[in-house]
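**Q** For reference, the chains in residue letters:
There are 2 protein chains.
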Amino acid sequence: MTPEERHRERMQRKKELIDRKIARATIERGVLVVNTGNGKGKSSSGFGMLARSLGHGFRCGVVQFIKGSFSTGEEAFFRRFGEDLDYHVMGEGFTWETQDKARDIAAAEAAWKVAADMLADASYDFVLLDELNIALVKQYIDLDAVLTALASRPPEQHVVITGRGAPDRLVEVADTVTEMRVVKHAFQAGIKAQRGIEL
Amino acid sequence: MTPEERHRERMQRKKELIDRKIARATIERGVLVVNTGNGKGKSSSGFGMLARSLGHGFRCGVVQFIKGSFSTGEEAFFRRFGEDLDYHVMGEGFTWETQDKARDIAAAEAAWKVAADMLADASYDFVLLDELNIALVKQYIDLDAVLTALASRPPEQHVVITGRGAPDRLVEVADTVTEMRVVKHAFQAGIKAQRGIEL
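Residue numbers (my numbering), protein chains in the order written: chain A, 59 to 257; chain B, 59 to 257.
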């Protein structure tokens with residue numbers, strides 16, 4: 059057998075294995091995706107899925123729970139899609155910036171009210187709740203209320219939740235969970251947050 | 059001291075610490091970001107950064123090295139930005155689909171040629187090389203050629219490289235590296251790849 063034939067045979071076996079796995083994955087429904095961990099990519103991955111969803115003509119909703127984490131690049135970009143996208147920047151910035159716990163809680167509650175309305179509305183195909191985990195970790199929003207809203211949402215609706223420290227009970231009910239792990243970060247080497255990358 | 063005052067004082071100390079760290083990060087230049095690991099979010103995070111970059115009016119280039127990994131949602135979405143974005147889908151799909159190593163290598167080389175031209179062209183502010191790591195792991199593209207092109211690229215140019223199995227020498231020269239770790243995946247529970255999430 060030539061090396062080319064061996065390669066083809068190995069790849070044919072691999073294809074059969076993968077095709078069998080794909081054939082077993084037959085369920086079609088809205089999924090709950092959670093991006094957590096300390097590394098870069100939690101929010102940007104959420105915005106990449108938002109781009110995919112808009113590409114399919116889905117109606118999309120975004121609620122950003124922490125104003126300080128907000129990228130002006132994202133806002134400028136996604137604001138162009140007025141008709142298909144409801145984009146809400148809520149929250150009051152990072153807690154060490156506001157230094158006012160009562161105001162932070164009120165802002166988180168207002169953001170959750172907007173999010174809960176989206177999760178109850180079947181006209182939204184895709185909902186991104188950016189940095190919701192931060193508000194859950196700080197107990198500014200009731201985890202039970204969030205789990206109930208997620209469980210009773212329209213069955214076709216996709217939801218993506220980002221932020222470090224995802225609570226265990228959220229991880230349990232999610233379909234796809236990724237931990238973004240820092241291997242290294244430019245900031246550690248003295249490089250400022252860069253437009254197009256962080257901003 | 060009231061609990062509110064204690065909170066404010068704690069947050070004030072945290073703010074000073076973070077502000078000092080931010081003040082130390084003064085370098086401004088193009089960064090090299092690598093998204094690797096087996097989890098979801100490597101490509102979607104790259105596309106989120108592409109959205110940020112387009113939001114800032116940057117000229118952007120995208121080369122997708124593996125056709126099979128390609129999301130129709132992304133293509134439909136980003137094709138709308140003709141003037142600011144050069145979008146190349148190269149490659150010949152996953153190796154177990156083509157089963158033809160010579161064709162895979164030729165496709166990877168053609169994709170790398172387009173990418174190398176972008177890395178030599180200062181008019182590109184942001185370049186996304188999606189799934190390049192796969193082609194490097196399979197040694198379809200010469201790692202030394204890639205490292206040389208990255209090192210001699212325009213100093214302001216941002217580059218994002220995705221794909222599992224990032225080579226150690228690429229990780230060494232990168233500024234920001236994230237490992238996307240699978241905690242769980244919907245596919246394992248029999249759920250098909252979903253439009254807007256994977257497709």
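Hint data in this document are derived by calculation from the structure and do not stem from the laboratory. Treat the hints loosely; a few may be bogus.
The list makes no distinction among identical chains, and a pair is therefore deemed to hold if it is satisfied within one copy or across any two copies.
Here are the computed lysine-lysine pairs in the DSSO-like style, where the Cα-Cα straight-line distance is at most 30 Å [unchecked claim]:
| id | residue 1 | residue 2 |
| --- | --- | --- |
| 1 | 242 | 171 |
| 2 | 73 | 242 |
| 3 | 79 | 171 |
| 4 | 73 | 250 |
| 5 | 250 | 159 |
| 6 | 196 | 159 |
| 7 | 196 | 250 |
| 8 | 242 | 196 |
| 9 | 159 | 72 |
Quick caveat, the model's predicted, so the values are computed rather than measured.
**Q** Tell me the numbers of any earlier hints that the structure contravenes, in ascending order.
**A** The structure conflicts with hint 3 only, although it agrees with all the remaining ones.
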